[in-house]
Amino acid sequence: VYVSPVTEIQKQIAVIWCELLNLKEMRIRDDFFESGGHSLLAIQAVARLEKVTGKQIPVETLFQAPTIEQLAVMVTLGAKPASVNALVPLKPGGTSTPLYIVHGYDMNVMSFSAVAKYMDPDQPVFGLQAKGLNNIDEPLGTMEEIAKEYIDEMLIQNPSGGFALAGYSFGGYIAFEMARQLKAMGKRVKMLAMFDAYVYNEDDYNPGAVKLGRKIFRQFPKALFILNSFIKHPKETIEYQSFIIGQRFNSLTGNNDIKDTESGDSNIDKIGERYECAYRNYKMMPYDGAIDLFRVTTRLYYLDDLKYLGWKPYSKRGIRIHEIPGDHKTFLQAPNNREFARILQKALNSA
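Residue numbers (the numbering used here): 247 to 597.
Keep in mind that a hint or two might mislead.
Claimed, not checked - Label pairs and their computed distance ranges (CB to CB):
no.: 1; residue 1: Ala597; residue 2: Thr253; range: 45 to 51 Å
no.: 2; residue 1: Gly324; residue 2: Arg563; range: 14 to 20 Å
no.: 3; residue 1: Phe476; residue 2: Asn595; range: 35 to 41 Å
Said to hold, decoys possible - Within a straight-line C-alpha distance of at most 30 Å, the following computed DSSO-like cross-link-like pairs (lysine-lysine) qualify:
no.: 4; residue 1: Lys558; residue 2: Lys429
no.: 5; residue 1: Lys394; residue 2: Lys516
no.: 6; residue 1: Lys592; residue 2: Lys575
In case anyone wonders, no lab produced these hints; they're calculated from the structure. This one's a predicted model, so the numbers in the text were calculated from it and none came from an experiment. Note that CB positions come from ideal geometry on N, CA and C, so glycine has one too.
The task is simple: from the sequences and hints, build the whole structure.
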(Lines of atoms letter the chains of each structure in order from A; the text may use other names.)
(Lines give C-alpha, C1' and ligand atoms only; values in the text may rest on other atoms or scores of the structure.)
Protein backbone atom coordinates (compact mmCIF):
# COMPACT_ATOMS: atom_id res chain seq x y z
CA VAL A 247 0.00 0.00 0.00
CA TYR A 248 1.40 3.39 -0.98
CA VAL A 249 1.50 5.66 2.07
CA SER A 250 2.11 9.17 0.79
CA PRO A 251 3.82 11.89 2.84
CA VAL A 252 1.30 13.79 4.96
CA THR A 253 3.09 16.39 7.07
CA GLU A 254 4.93 19.37 5.60
CA ILE A 255 8.33 18.04 6.63
CA GLN A 256 7.55 14.62 5.14
CA LYS A 257 6.62 16.29 1.86
CA GLN A 258 9.82 18.36 1.85
CA ILE A 259 11.94 15.26 2.42
CA ALA A 260 10.05 13.34 -0.28
CA VAL A 261 10.64 16.09 -2.88
CA ILE A 262 14.38 16.18 -2.13
CA TRP A 263 14.75 12.40 -2.20
CA CYS A 264 12.78 11.99 -5.42
CA GLU A 265 14.99 14.59 -7.15
CA LEU A 266 18.24 13.02 -5.93
CA LEU A 267 17.18 9.42 -6.57
CA ASN A 268 15.43 10.21 -9.86
CA LEU A 269 12.12 8.74 -8.66
CA LYS A 270 8.58 9.92 -9.30
CA GLU A 271 7.29 9.13 -5.80
CA MET A 272 8.34 7.58 -2.51
CA ARG A 273 6.44 5.95 0.33
CA ILE A 274 7.11 7.26 3.80
CA ARG A 275 8.59 3.91 4.86
CA ASP A 276 10.86 3.50 1.81
CA ASP A 277 14.52 3.25 2.80
CA PHE A 278 16.74 5.97 1.26
CA PHE A 279 19.66 3.60 0.76
CA GLU A 280 17.62 0.65 -0.49
CA SER A 281 16.03 3.03 -3.02
CA GLY A 282 19.41 3.82 -4.60
CA GLY A 283 20.91 6.29 -2.15
CA HIS A 284 24.50 6.23 -0.98
CA SER A 285 26.75 8.29 1.30
CA LEU A 286 27.47 11.04 -1.24
CA LEU A 287 23.76 11.44 -2.01
CA ALA A 288 23.03 11.35 1.74
CA ILE A 289 25.29 14.38 2.22
CA GLN A 290 23.51 16.21 -0.59
CA ALA A 291 20.09 15.26 0.82
CA VAL A 292 21.00 16.58 4.27
CA ALA A 293 22.47 19.81 2.82
CA ARG A 294 19.27 20.48 0.86
CA LEU A 295 17.07 19.68 3.85
CA GLU A 296 19.10 22.06 6.03
CA LYS A 297 18.53 24.82 3.47
CA VAL A 298 14.77 24.18 3.41
CA THR A 299 14.24 23.79 7.16
CA GLY A 300 16.97 26.04 8.52
CA LYS A 301 17.96 23.28 10.96
CA GLN A 302 21.41 21.75 11.30
CA ILE A 303 21.14 18.04 10.50
CA PRO A 304 24.21 15.79 10.91
CA VAL A 305 24.54 13.31 8.04
CA GLU A 306 24.55 10.46 10.57
CA THR A 307 20.88 11.27 11.24
CA LEU A 308 20.00 9.89 7.82
CA PHE A 309 22.02 6.72 8.46
CA GLN A 310 20.04 6.13 11.66
CA ALA A 311 16.68 7.30 10.27
CA PRO A 312 16.73 6.20 6.61
CA THR A 313 12.98 6.49 5.88
CA ILE A 314 10.94 9.65 5.30
CA GLU A 315 8.81 8.80 8.32
CA GLN A 316 11.80 8.30 10.66
CA LEU A 317 13.78 11.29 9.40
CA ALA A 318 10.77 13.62 9.67
CA VAL A 319 10.46 12.72 13.36
CA MET A 320 14.19 13.32 13.97
CA VAL A 321 14.09 16.71 12.23
CA THR A 322 10.87 17.77 13.95
CA LEU A 323 12.15 16.86 17.42
CA GLY A 324 15.60 18.24 16.72
CA ALA A 325 17.06 14.93 17.81
CA LYS A 326 20.77 14.38 17.42
CA PRO A 327 22.23 11.07 16.27
CA ALA A 328 23.35 8.66 18.98
CA SER A 329 26.96 8.88 17.83
CA VAL A 330 29.23 10.00 15.03
CA ASN A 331 31.30 6.85 15.13
CA ALA A 332 32.89 5.10 12.19
CA LEU A 333 31.09 1.90 13.19
CA VAL A 334 27.61 1.61 11.65
CA PRO A 335 25.37 -1.30 12.73
CA LEU A 336 23.86 -2.85 9.62
CA LYS A 337 22.60 -6.06 11.23
CA PRO A 338 23.81 -6.05 14.84
CA GLY A 339 21.91 -9.05 16.23
CA GLY A 340 23.41 -12.53 16.48
CA THR A 341 26.09 -14.51 18.29
CA SER A 342 28.34 -15.53 15.36
CA THR A 343 31.70 -13.85 14.78
CA PRO A 344 30.78 -10.32 13.62
CA LEU A 345 31.61 -9.25 10.08
CA TYR A 346 33.02 -5.74 9.69
CA ILE A 347 32.92 -4.29 6.15
CA VAL A 348 35.13 -1.32 5.26
CA HIS A 349 33.81 1.29 2.82
CA GLY A 350 35.23 1.91 -0.66
CA TYR A 351 36.35 5.23 -2.17
CA ASP A 352 32.72 6.42 -2.28
CA MET A 353 32.69 6.23 1.56
CA ASN A 354 29.36 4.39 1.33
CA VAL A 355 28.56 1.71 3.91
CA MET A 356 24.77 1.61 3.64
CA SER A 357 24.92 -0.26 0.33
CA PHE A 358 26.16 -3.25 2.36
CA SER A 359 22.83 -3.39 4.21
CA ALA A 360 21.25 -4.83 1.04
CA VAL A 361 23.59 -7.82 1.46
CA ALA A 362 23.49 -8.03 5.27
CA LYS A 363 19.73 -8.59 5.38
CA TYR A 364 20.08 -11.86 3.42
CA MET A 365 22.75 -13.34 5.66
CA ASP A 366 22.01 -15.85 8.43
CA PRO A 367 19.81 -14.55 11.28
CA ASP A 368 22.66 -15.23 13.72
CA GLN A 369 25.25 -13.27 11.66
CA PRO A 370 26.05 -9.74 12.94
CA VAL A 371 27.21 -7.28 10.26
CA PHE A 372 28.71 -3.82 10.76
CA GLY A 373 29.93 -1.18 8.32
CA LEU A 374 32.93 1.10 8.83
CA GLN A 375 32.48 4.58 7.37
CA ALA A 376 35.08 7.27 6.80
CA LYS A 377 36.00 9.64 9.60
CA GLY A 378 35.14 13.22 8.65
CA LEU A 379 31.77 12.66 6.97
CA ASN A 380 30.13 14.72 9.72
CA ASN A 381 32.01 17.88 8.63
CA ILE A 382 33.45 18.09 12.16
CA ASP A 383 36.14 15.43 12.55
CA GLU A 384 39.32 15.70 10.53
CA PRO A 385 39.80 12.80 8.09
CA LEU A 386 42.76 10.58 8.91
CA GLY A 387 45.87 10.69 6.75
CA THR A 388 47.68 7.33 6.86
CA MET A 389 46.52 3.76 6.34
CA GLU A 390 47.85 2.82 9.77
CA GLU A 391 45.87 5.62 11.46
CA ILE A 392 42.67 4.75 9.60
CA ALA A 393 43.01 1.06 10.53
CA LYS A 394 43.75 1.87 14.20
CA GLU A 395 40.72 4.19 14.45
CA TYR A 396 38.42 1.47 13.11
CA ILE A 397 39.98 -1.19 15.36
CA ASP A 398 39.56 1.02 18.45
CA GLU A 399 35.83 1.34 17.74
CA MET A 400 35.49 -2.38 17.04
CA LEU A 401 37.18 -3.23 20.36
CA ILE A 402 34.77 -0.97 22.25
CA GLN A 403 31.83 -2.75 20.63
CA ASN A 404 33.42 -6.22 20.70
CA PRO A 405 36.23 -6.32 23.30
CA SER A 406 36.57 -10.11 23.42
CA GLY A 407 36.77 -10.69 19.63
CA GLY A 408 37.12 -12.42 17.20
CA PHE A 409 36.67 -10.56 13.99
CA ALA A 410 35.81 -11.20 10.37
CA LEU A 411 37.03 -8.36 8.16
CA ALA A 412 36.10 -7.36 4.62
CA GLY A 413 37.08 -4.44 2.44
CA TYR A 414 35.25 -3.23 -0.65
CA SER A 415 37.42 -1.80 -3.44
CA PHE A 416 39.78 0.76 -1.79
CA GLY A 417 38.57 -0.56 1.58
CA GLY A 418 40.57 -3.70 0.87
CA TYR A 419 43.77 -1.85 1.79
CA ILE A 420 42.26 -0.68 5.08
CA ALA A 421 40.92 -4.15 5.95
CA PHE A 422 44.34 -5.61 5.10
CA GLU A 423 46.09 -3.23 7.50
CA MET A 424 43.43 -3.83 10.16
CA ALA A 425 44.03 -7.58 9.95
CA ARG A 426 47.78 -7.02 10.28
CA GLN A 427 47.33 -4.85 13.39
CA LEU A 428 44.82 -7.22 15.00
CA LYS A 429 47.18 -10.17 14.47
CA ALA A 430 50.00 -8.18 16.09
CA MET A 431 47.69 -7.58 19.08
CA GLY A 432 47.07 -11.32 19.41
CA LYS A 433 43.43 -11.02 18.29
CA ARG A 434 41.72 -13.73 16.27
CA VAL A 435 40.92 -12.80 12.67
CA LYS A 436 38.47 -15.43 11.45
CA MET A 437 38.44 -14.17 7.87
CA LEU A 438 40.02 -11.43 5.77
CA ALA A 439 37.88 -10.87 2.69
CA MET A 440 38.31 -8.63 -0.34
CA PHE A 441 35.14 -7.52 -2.13
CA ASP A 442 36.45 -6.99 -5.68
CA ALA A 443 39.43 -5.07 -4.31
CA TYR A 444 42.50 -4.77 -6.54
CA VAL A 445 46.11 -4.15 -5.48
CA TYR A 446 47.69 -1.38 -7.53
CA ASN A 447 50.29 -0.62 -4.90
CA GLU A 448 53.38 -2.34 -6.31
CA ASP A 449 53.70 -0.21 -9.47
CA ASP A 450 53.74 3.02 -7.48
CA TYR A 451 57.23 2.28 -6.19
CA ASN A 452 58.77 1.43 -9.55
CA PRO A 453 60.98 3.99 -11.35
CA GLY A 454 59.20 6.23 -13.85
CA ALA A 455 60.69 4.46 -16.90
CA VAL A 456 59.50 1.06 -15.65
CA LYS A 457 55.99 2.39 -15.06
CA LEU A 458 55.92 3.99 -18.51
CA GLY A 459 57.12 0.76 -20.15
CA ARG A 460 54.45 -1.31 -18.43
CA LYS A 461 51.81 1.22 -19.39
CA ILE A 462 52.80 1.03 -23.06
CA PHE A 463 53.01 -2.79 -23.23
CA ARG A 464 49.65 -3.30 -21.51
CA GLN A 465 47.73 -1.38 -24.20
CA PHE A 466 47.41 -4.39 -26.56
CA PRO A 467 45.94 -6.84 -24.02
CA LYS A 468 43.81 -3.97 -22.70
CA ALA A 469 42.36 -3.32 -26.18
CA LEU A 470 41.59 -7.04 -26.61
CA PHE A 471 39.90 -7.08 -23.20
CA ILE A 472 37.69 -4.08 -24.05
CA LEU A 473 36.71 -5.68 -27.36
CA ASN A 474 35.82 -8.95 -25.63
CA SER A 475 33.90 -7.05 -22.95
CA PHE A 476 31.95 -5.20 -25.64
CA ILE A 477 30.97 -8.50 -27.28
CA LYS A 478 29.78 -9.96 -23.95
CA HIS A 479 28.31 -6.83 -22.34
CA PRO A 480 27.82 -4.14 -25.01
CA LYS A 481 25.53 -1.79 -23.07
CA GLU A 482 27.54 -1.86 -19.82
CA THR A 483 30.87 -1.55 -21.64
CA ILE A 484 29.74 1.49 -23.65
CA GLU A 485 28.40 3.16 -20.49
CA TYR A 486 31.60 2.52 -18.56
CA GLN A 487 33.97 3.61 -21.34
CA SER A 488 31.89 6.75 -21.92
CA PHE A 489 32.17 7.55 -18.22
CA ILE A 490 35.97 7.08 -18.27
CA ILE A 491 36.36 9.25 -21.40
CA GLY A 492 34.23 11.93 -19.76
CA GLN A 493 36.36 11.85 -16.62
CA ARG A 494 39.58 12.20 -18.60
CA PHE A 495 38.12 15.06 -20.62
CA ASN A 496 37.09 16.87 -17.44
CA SER A 497 40.55 16.30 -16.00
CA LEU A 498 42.19 17.81 -19.09
CA THR A 499 39.85 20.80 -19.16
CA GLY A 500 40.06 21.39 -15.41
CA ASN A 501 36.37 20.74 -14.74
CA ASN A 502 37.28 18.34 -11.94
CA ASP A 503 38.42 21.30 -9.90
CA ILE A 504 34.90 22.69 -9.69
CA LYS A 505 33.42 21.90 -6.26
CA ASP A 506 29.79 22.14 -5.19
CA THR A 507 30.21 23.09 -1.55
CA GLU A 508 26.48 23.18 -0.90
CA SER A 509 26.13 19.53 -1.87
CA GLY A 510 28.92 18.44 0.46
CA ASP A 511 31.14 17.31 -2.41
CA SER A 512 34.07 19.40 -1.12
CA ASN A 513 34.06 17.41 2.13
CA ILE A 514 34.09 14.10 0.25
CA ASP A 515 36.91 15.43 -1.93
CA LYS A 516 38.90 16.35 1.18
CA ILE A 517 38.52 12.83 2.59
CA GLY A 518 39.32 11.35 -0.81
CA GLU A 519 42.53 13.37 -1.08
CA ARG A 520 43.64 12.19 2.37
CA TYR A 521 42.87 8.59 1.47
CA GLU A 522 44.71 8.87 -1.83
CA CYS A 523 47.75 10.10 0.09
CA ALA A 524 47.39 7.24 2.58
CA TYR A 525 47.31 4.71 -0.25
CA ARG A 526 50.38 6.14 -1.99
CA ASN A 527 52.44 6.08 1.19
CA TYR A 528 51.36 2.64 2.36
CA LYS A 529 54.05 -0.06 2.21
CA MET A 530 52.38 -3.47 2.02
CA MET A 531 53.95 -6.56 3.56
CA PRO A 532 52.64 -10.16 3.22
CA TYR A 533 49.82 -11.01 5.62
CA ASP A 534 50.23 -14.07 7.85
CA GLY A 535 46.93 -15.64 6.87
CA ALA A 536 44.68 -16.56 3.97
CA ILE A 537 42.67 -14.06 1.95
CA ASP A 538 39.16 -14.72 0.68
CA LEU A 539 38.81 -12.94 -2.66
CA PHE A 540 35.26 -12.26 -3.87
CA ARG A 541 35.68 -11.62 -7.60
CA VAL A 542 32.90 -10.33 -9.88
CA THR A 543 31.95 -12.33 -12.96
CA THR A 544 31.30 -9.20 -15.09
CA ARG A 545 34.52 -7.22 -15.49
CA LEU A 546 34.09 -3.94 -17.40
CA TYR A 547 37.64 -2.60 -17.05
CA TYR A 548 41.05 -4.12 -17.70
CA LEU A 549 43.28 -5.38 -14.90
CA ASP A 550 46.78 -6.82 -15.22
CA ASP A 551 45.94 -9.67 -12.84
CA LEU A 552 42.41 -10.82 -13.57
CA LYS A 553 42.75 -14.00 -11.49
CA TYR A 554 44.05 -12.90 -8.09
CA LEU A 555 43.50 -9.12 -8.49
CA GLY A 556 47.08 -8.58 -7.31
CA TRP A 557 46.67 -10.17 -3.85
CA LYS A 558 48.67 -13.39 -4.29
CA PRO A 559 52.08 -11.95 -3.18
CA TYR A 560 50.49 -10.52 -0.03
CA SER A 561 49.06 -13.68 1.52
CA LYS A 562 51.30 -16.25 3.18
CA ARG A 563 48.55 -18.86 3.29
CA GLY A 564 46.99 -18.55 -0.11
CA ILE A 565 44.00 -16.99 -1.85
CA ARG A 566 40.51 -18.52 -1.79
CA ILE A 567 38.58 -17.27 -4.81
CA HIS A 568 34.79 -16.89 -4.77
CA GLU A 569 32.97 -15.92 -7.98
CA ILE A 570 30.09 -13.52 -7.38
CA PRO A 571 27.47 -12.31 -9.90
CA GLY A 572 27.47 -8.75 -11.23
CA ASP A 573 30.08 -6.09 -11.87
CA HIS A 574 32.08 -3.88 -9.48
CA LYS A 575 28.92 -1.97 -8.45
CA THR A 576 25.97 -4.26 -9.16
CA PHE A 577 27.13 -7.25 -7.09
CA LEU A 578 25.86 -5.31 -4.04
CA GLN A 579 22.49 -4.58 -5.65
CA ALA A 580 19.36 -6.65 -6.32
CA PRO A 581 19.10 -9.31 -7.56
CA ASN A 582 22.83 -10.08 -7.14
CA ASN A 583 22.93 -9.13 -3.45
CA ARG A 584 20.98 -12.23 -2.39
CA GLU A 585 23.37 -14.65 -4.14
CA PHE A 586 26.40 -12.69 -2.91
CA ALA A 587 25.08 -12.94 0.67
CA ARG A 588 24.72 -16.72 0.27
CA ILE A 589 28.29 -17.11 -1.05
CA LEU A 590 29.68 -14.80 1.63
CA GLN A 591 27.88 -16.59 4.45
CA LYS A 592 29.11 -19.98 3.20
CA ALA A 593 32.69 -18.68 3.17
CA LEU A 594 32.27 -17.25 6.68
CA ASN A 595 30.87 -20.51 8.02
CA SER A 596 33.78 -22.52 6.62
CA ALA A 597 36.55 -20.05 7.52
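Enumerated hints in conflict with the structure, sorted upward: 2
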